[in-house]
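Engineer: Residues per chain, in single letters:
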Amino acid sequence: MSNLLEIDNLKVGFKNSSSQWTNAVDGVSIAVRPGEILGIVGESGCGKSVTMFSVLKLHDQRNTRYAGEIRFEDTELLTVPEKDMRQLRGKDIGFIFQNPMSSLNPLLTIGQQIRETVTSHRKHLPKKEVEALCIKALDDAGADDSAVWMSKYPYQLSGGMLQRVVIAIALVNEPKLLIADEPTTALDVTIQAQLLKVLCHIRDERGMSIVLITHDMGVVAETCDRVAVMYLGQIVETASVDELFANPRHPYTQGLLAATPPMVGKIPERLNTISGSVPQLSEVAKGCRFASRCPFASQECLSGDIPMFDVDEQHQSRCIKFNTIPDFRKVTA
Amino acid sequence: MKHETEPILQVNNLVKDYVSRGLLNSKSQVFHAVNNISLELYPGSTYALVGESGSGKSTTGKIICALEKATAGTVTLLGENYTNDSPSQLRKNIRGNIQMVFQDPFSALNPRKTIGDAVIEALQIRDIGSSGRERRNIARDTLQRVGLSVWHMDRYPHQFSGGQLQRVNIARALAVQPKILILDESVSALDVSIQAQVLNLLQEIKEEFSLSYLFITHDLSVVRFIADYVGVLFKGQLVEEGETKEIFEHPENEYTIRLLDSVPRTDPQQRHLLG
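Protein chains in written order, with this note's numbering: chain A, 159 to 491; chain B, 523 to 797.
These aren't lab readings, by the way, just hints derived from the structure by calculation.
Treat each hint with caution, since some may be false.
[To be verified] No more than 25 Å apart at the CA atoms, straight line, and that leaves these computed lysine-lysine pairs for PhoX-like:
(1) LYS424(A) <-> LYS728(B)
(2) LYS584(B) <-> LYS614(B)
(3) LYS334(A) <-> LYS355(A)
(4) LYS767(B) <-> LYS424(A)
(5) LYS728(B) <-> LYS767(B)
(6) LYS310(A) <-> LYS281(A)
Could you build all of it, start to finish, from the sequences and the hints given here?
Structural biologist: This is the structure:
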């Protein structure tokens, strides 16, 4: 089965005020398979959002430069004209942002905003059909009274309800790929549980693919099929979710897992944490980008760029010691 | 809950109402943000107030810290009721003993003051240290204790990361030798590896400085790690409280059960959210 989305050696550079370029994403390669939920995890500034924003080219193009390839089905997205890009946004690829309040126009009703998404891609659809599509999308997103919601303004709904609206807008055109950037981070945990259920249910029903950007290892464990862990603009490990949690083969992944307070099992005296903090991109030296914080780092880690190694066919790690490092969680416990 | 010591802090039947009056209609609406909450904090322990947005947990914290006035009910520190104290009485008896650490580490600091001066200012206000030199030394020692270096003292907040700034805020609270720290979502804005470092730090200094914590948070995995006791707030009411282990293993209240069921498990083998 061929991949729905293929990102190949993507580099995204931004220009700062003194006209210097920095690569916020530096050589990311990842594929999204049909029907899967791919989790992209990492801490703030690791490039997870920048990578997925690039798929829709949502950055200010004057201060951004792309290199590499992004293929969606048969289309090469980085070279496609803006006119065609607009056909993809909101049609074949849906997007959900973190803050529902700022994703919606406060001056338009919910109904106007969902209808707009339909009619801008299907201009000649009869009004009645548009209306029916909108109501169905809201129903699917878990709205309890879709017809009433349609006439409301954003300020009249709660954060959880608004995020359902945003999901409805993203799904109304039945996209093949949904990119969800921290879709539940701003919401209460009971609402988060409901929305994750909605997303997974729709995936099962329609067989679309979801890329879920999150910093929450719990959300990953509960929902994803596969995971890519990012650190400082690079993917450092990819594996199936079961494999990644059972057998992490990159010290950063191990550190992330160890630093998350567990909801099950024994409560540790101390959390095993990664020392230091994420360095500035401009301070990145040659070799492994995690070396300055890694308990297993040695001279050879600094000698040159580290490629991805195959732990097995479905599991890759950007660590030259992937085979020999002990499980950080057990070592420092 | 059985205790050998007296509680250090006692909250009795606390009520906070917010009254809103419309522009045109004179009929006022009363919102019970905090509705008859009672709780006790024991020396050396951590009490976590959990609940979702709007449950009244922050309001409770602010009233305990005397940043808000209660509508009814009392708060006592070591048996002394300070609910109706004047600002000068509060400064004398309460401010130095109860310190607060907020969620956003950046907005809690003055951007035009170096972090050394931020800590020194707290010492000046509380009249700790006899000279500028002594205050600077106390500030230095406290900042070093929370993991910062001497050369950090002359830097400004924008030169630090969020995790470092939260350490500064903890140091500033710690420097005035409080008995109680109120931590209002103090680790919620931090990345998980940094959050772990700060949680470990909080565990260490609790014993070292004989502190008691009131931990206000929505994150139940953090509560499970750090708290001895939990109170679950729902719409301004304390619906369940008890020892952390007991609440997590045998929740009785319907809302507590729903809340705990909604928390993602950190192990794919134990998935439960999607049913």
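Engineer: So, for every hint listed, does it hold in this structure?
Structural biologist: Structure-based check of each hint:
{"no.": "1", "hint": "LYS424(A) <-> LYS728(B)", "in the structure": "holds, 22 Å"}
{"no.": "2", "hint": "LYS584(B) <-> LYS614(B)", "in the structure": "holds, 18 Å"}
{"no.": "3", "hint": "LYS334(A) <-> LYS355(A)", "in the structure": "holds, 19 Å"}
{"no.": "4", "hint": "LYS767(B) <-> LYS424(A)", "in the structure": "holds, 11 Å"}
{"no.": "5", "hint": "LYS728(B) <-> LYS767(B)", "in the structure": "holds, 20 Å"}
{"no.": "6", "hint": "LYS310(A) <-> LYS281(A)", "in the structure": "holds, 24 Å"}
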